[in-house]
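Chains as they are written, first to last, in my numbering: chain U, 1 to 619; chain H, 1 to 835.
Quick caveat, the hints were computed from the structure, so don't treat them as lab data. A couple of the hints might just be wrong.
[Claimed, not checked] In silico lysine-lysine, DSSO-like type, Cα no more than 27 Å apart, as pairs:
| no. | chain 1 | residue 1 | chain 2 | residue 2 |
| --- | --- | --- | --- | --- |
| 1 | H | Lys-325 | U | Lys-412 |
| 2 | H | Lys-600 | U | Lys-412 |
| 3 | H | Lys-599 | U | Lys-464 |
| 4 | U | Lys-559 | H | Lys-599 |
| 5 | H | Lys-385 | U | Lys-232 |
| 6 | U | Lys-548 | U | Lys-559 |
| 7 | U | Lys-412 | H | Lys-385 |
| 8 | H | Lys-600 | U | Lys-559 |
Next come the chains, spelled out residue by residue.
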Amino acid sequence: MRMWFVCRFCCPAAQSNSNPEWEAKVLEYFKGQLREKESHSWVPSLNDVPLHYLKPNSLVKFRCLVQDMFDPEFYMGVYETVDPSTKANVLRCGKYKDVTECGVDLNSRNTVTAERQTFYCVPIPGESPWAKEISFLSAARVVPSTSYVPSRQKRSYEEDDDDMDTQPQKQREPHTEPHGNGDSKRQETEAPSSQTTAPSDCSSHLDLNFPLPGERGPACLVKVYEGLDSFKLNDTLEIYGILSVNPVLTVLGEEKDPSLLLLNPTESMETPEEQRAHDPPASLVPRLHMLYARPLQHNNPLLPSAPTEDQSAFVSSFLVEMASVRAELLAYLTHVLLGDGLAAEYLLLHLISNVYTRRDVLPLGKFTLNLSGCPLNSYTERLYQIVQQLVPCSYRLSMSLHTMNSMRLVPKKDYVANRLVSGALQLARNTSLFLDETQLEQGQLDSSGVRNITALGNLISWQKVDYDFSYHQMEFPCNINVLVTSEGRSLLPSDCQVPLQPQVTPPNMEEYLTTIHMAQFTSQINKFRVYLSLARTLDYSISDEVTKAVEDDFVDMRKDDPQSVTAEDLHRMLVVARLLSLSLGQTTLSRDGWMRAKHIDMLRRSRTEQQKSLNGNEP
Amino acid sequence: MSSPTSTPVGSKPSSDGLASPPSQRRRGQDSSNGDLPAMPTSPATDIASPAVHDTSLFSSPRRSVLPSEVDMSSPLIGVRGTPVRQRPDLGSARKAPQVDLHTELPSADGAVASEQAAGQKLVIWGTDVNVGTCKEKFQRFLQRFIDPTSNEDENAGLDLNEPLYMQKLEEISVIGEPVLNVNCSHVQSFDADLYRQLISYPQEVIPTFDMAVNELFFERFPDSILEHQIQVRPYNALKTRNMRSLNPEDIDQMITISGMVIRTSQLIPEMQEAFFQCQVCAFSTRVEVDRGRIAEPAVCRNCNTTHSLALIHNRSAFSDKQMIKVQESPDDMPAGQTPHTTIVYAHNDLVDKVQPGDRINITGIYRAVPMRENPRQSTVKSVYKTHIDVIHFRKTDEKRLHGLDEDSDQKLFTEERVQTLKELAAKPDVYERLSSALAPSIYEQEDIKKGILLQLFGGTRKDFSQTGRGNFRAEVNILLCGDPGTSKSQLLQYVFNLVPRGQYTSGKGSSAVGLTAYVMKDPETKQLVLQTGALVLSDNGICCIDEFDKMSDSTRSVLHEVMEQQTLSIAKAGIICQLNARTSVLAAANPVESQWNPKKTTIENIQLPHTLLSRFDLIFLMLDPQDEAYDRRLAHHLVALYYQSEEQIEEEFLDMAVLKDYIAYARTYINPRLNEEASQALIEAYVDMRKIGSGRGMVSAYPRQLESLIRLAEAHAKVRFSDKVETVDVEEAKRLHREALKQSATDPRTGFVDISILTTGMSATARKRKEEVAQALKKMIQSRGKTPAMKYQQLFDDLRGQSEAAITKDMFEEALRALADEDYLTVTGKTVRLL
């Protein structure tokens, strides 16, 4: 195991650029090793282990989202220098390194210039505490190869670097963890809470640019050498690479000789903002030289992550259980939704929805749910906490007037700092976005508020976010499950609206929900988690025979009442039928499945109509 | 010397010193330079030119000019006293030593200079450029190059059958602007080897060109006086790349890239020559900046005092420099990635030539500079900083500003692509094919898709400014209205994604300002900047406006000008201008009552002013047809949409990329004109349309409709790649126009098509009825005899009682208004007075 952590990449002097195969061989070797069972869990993760416990130049992994892509840079792939001990000229390799030893012969003909690109990566935004915790614990099972012992009282970050409190101020929404176990250990990986709550006047000093407010964790500058085109913005990756925290990289605070600036304008061409964004102190934003990156289909630590035989075995074993787990989950959600079985059914379908393909501009498979008629007073907040417990990634956006007017939802390019300033809609695929419209009150939306609402509307209708590049907009497709809770019908578009009809009215909502939650065993909850993540990944098809039946059905429905059934309705019912089948672990649509989908859609519609006649004024 | 390189080893003289990191590419070892004599691989003892005697790498700059050194900075020193201007864009290579090609260069240590026999070929160190030959070749190029097929706008007014660049020199002598722009593709077609040298060693070759052109110029125009000597600015290096493909191989080569300016810096004064004065004896001396450094003289040469020299800033020479950040244009980028940026330095008169937001083509030299070593640290970052030194800017959208027509899209089509497109165009059903390829996920609505297809192609642009009518609108405007949920928005989104210069706005969210342009104060410079809105941005494109009906009146009023005159006038904050907005408008509107009311006219349903409606060429209704066969097809379509595999879909429909290219090609190259029969057919069609109405005493067509027909017919001809508008085109235009009218201009009361619904907002029958009511009311009042004032409500009740047809309050009020217009009565509050 030693080899993992002491790997240093110095190519022997003899191996110059004339023999480039060794690089490919190195990569092959590492990929091969990492493919081996369990081996990837030996590598310490930046997500779990505080930076100062990791050895520089060791192999680490990082589970992250590509937040920004910087311009490519040229570096010295091979350079010539004088060995201080032997006084002989030697060739050294500059790959996987940030710095070179001094005395580089800049005009050596052996110098090879190569290209690499830097990605700015942040931990997956909105990753649920349970997901972090489980992956942390599973990593801790393996003997940590670092000096880091989780139980030890660790030094606070402040001693290292007080830049740490520059994280965006924590939002008022509390991170409650009803799920007590393992909390004490969890604390180890996080900065002391006193720090984050302390008002940070120096937040302008260094902004780690997390998409969501209140996030923490290490951001990382990942140097990418191979396959630059295969990565996209907002990809979620597990990166294996060599950690570099050389203090030379810290240009901040280094006093510059003004005369040097005059004579060497190449150094002055970067604004201070740009330097801060591109060369933050390595102690805060470490560099990671990528050896190998694995795209993550999901970040649920309970599921095998790679599509191997391992996984297919896992899937087939779970498929048997699927129907029973579904029933349990449905019962649980029914309780949570105050006894409303239909709403629970729809919530379940929503949670496994996924944009599986796009036809020209139309995303297929999205299923935005609008849960209307939600009781006020913290019910929605509690509901979110329960959703958060079930999905690996989520974010609750409280749509109050203030947040709508002031929050940055759409990422925007900052040309001064030359980086993409993140916004709350820069999320990983399959993140659950919980829009709480019950928080919205009457009042004036200003122009940024209107833009934000438009962005949310676009996200829901087209599953895309138009990033603001100031001179033009750029469209980034996304795959986000949007759940809107509101009192009346939401002002945002949605695929499907379900008015909540509570069957029980508990006197104390908090208590009621907490009891329901506590009644579930962790193992049970874990099953739900696996179920939700798995159902989403299943393939699905429809036979010609059923296609025919669906068509006939549609024509019949139209015959009876052409006004009530439109193409929109068929669109929705097809999605419902798909999700319903998948939720039962069926990968093809059966006649029954279609009838069921029709049935629940009818129930839902009769309910909305009922609502309409009650209020009268609903459009 | 067994390595594949055969370039000089070791001590690299100061020619390009720090400026460029060696890459895998070796100078003088381009794959293309097969014409070079074979490099001897003899041991490095028989040596080089005298120039390479300087062994220490970072020695102080040489001051003595060596015999075979070419002083690049001063080609023809003082030709008739015209001063030389330094070219910071070419970097610090002002003194390039020449080496003898036939000799191998020394290894690192102790180069011994030895003169070779005569007949050796002198080249500039590190290259295969021989100054004399190069100069000669370039002069020959200038004197002989003729491009009879040139269609560049820069060559307007030049005789294409005369040597092009000699004419340009003449121009220089007249205008006095000492810059000669040279199109690299001309050089290439004239002398491929010269071109290769230019691309590979711009730093050395361009000064040689300068020399050549100045010799030639002053020989020919000995009396002309220029500000400084002529500088050659090559552009359009065929090695045009997008920013993404720049790689270490391009370092120090000449490249042309395109992009958009996102930021420009303040002017940076860069010291070129430092002026030192001795504090003791006032002796002064000048030191040139070498590789970004100034060697401060330690000892005064006059009085021998040490460290007595002080820099006098205001007597030093500076040159202008500006940092410009350029971002990759959105079209060049792969999806899902962020755009790259590149830093560009502009020097001297290129400073302030571009503004943020400009789309430009830059020709320049790609540079990479290593990080500076910090003496206090033992390690250094191993990254290079890269930038481009600009030689030439060319704004790609300049033509737009000048109003010179034709799409400036530089979309180039490969031969094969053109061939495929032409094959496609030759198919008889190309029109149907293309329209079904449009938004395949939207079911049927064939006519609407055909309408949009024609809109994408557009008519032929005609200029009538001679006769005072100005530009004739070539763009087709389309309005879609209909029930919510009939995928109007989806259609708009599709079109927006299809066209390169499309804009998508929603009527709800956009203000007049967002559509047109607004003036903004730049927080940094306090400069007023005109920011353009969606309509201006979609010039030559399509502006998709969703929820057209939700737009405020003031916003809509902006559209009046755009949709007919194709311009936007702005008078704001002291900026008065007229911008081109030659955009097609594709709008979607929902009926006021959320559901389309078939009993009402289009105007009543969508509540849009008829002045605006009449500016749409085609107005389509997207309604639910409610018919079983349709339902079945729809269901089949939708289910297939969800469950067909990608491949199946692709087989069925044309690729979106092909469609894009097809449209772009037709828009750029096809300009159909009406032929005789087509004109006749149009005239007949128009007369027919007029006739329909005249029978019932109403006007059913206006010249605007004729114009629409012409546009549609032209667009249809473009679809066929035909240069002539023929009768088929007119037939289809007629059919489509009729279809649209049938949908939107049918009077629900009579069932006839009545164009006046769209042009005046009211059908002829409705107008007739209004008059009748007014007359009835007048009669009623007259029958009462002399009553100067009446109660409003009573009058209304009386009229209702009297009339056999139901009279609504609206009708009553309208009648009152009509009578008031006749000066028969006035209405004040609740009383009606006779006049």
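Comparing the hints with the structure gives:
A threshold of 27 Å between alpha carbons decides the hint, and for Lys-325 (chain H) with Lys-412 (chain U) the separation of about 17 Å falls inside it, so the pair holds. Taken as a hint, the Lys-600 (chain H) and Lys-412 (chain U) pair is broken in the structure, with Cα atoms around 46 Å apart against an allowance of 27 Å. Distance restraint check for Lys-599 (chain H) and Lys-464 (chain U): the Cα-Cα separation of roughly 39 Å exceeds the 27 Å cut-off, and the hinted pair is therefore not satisfied. Annotation: proposed proximity of Lys-559 (chain U) to Lys-599 (chain H) holds, straight-line Cα distance about 23 Å (limit 27 Å).
Of the pairs offered as hints, the one joining Lys-385 (chain H) and Lys-232 (chain U) holds, with about 24 Å between alpha carbons and a cut-off of 27 Å not exceeded. Distance restraint check for Lys-548 (chain U) and Lys-559 (chain U): the Cα-Cα separation of roughly 17 Å lies within the 27 Å cut-off, and the hinted pair is therefore satisfied. With a CA separation close to 25 Å, the supplied pair Lys-412 (chain U) and Lys-385 (chain H) stays within the 27 Å bound. The suggested pairing of Lys-600 (chain H) with Lys-559 (chain U) holds, with an alpha-carbon distance near 25 Å, which does not exceed 27 Å.
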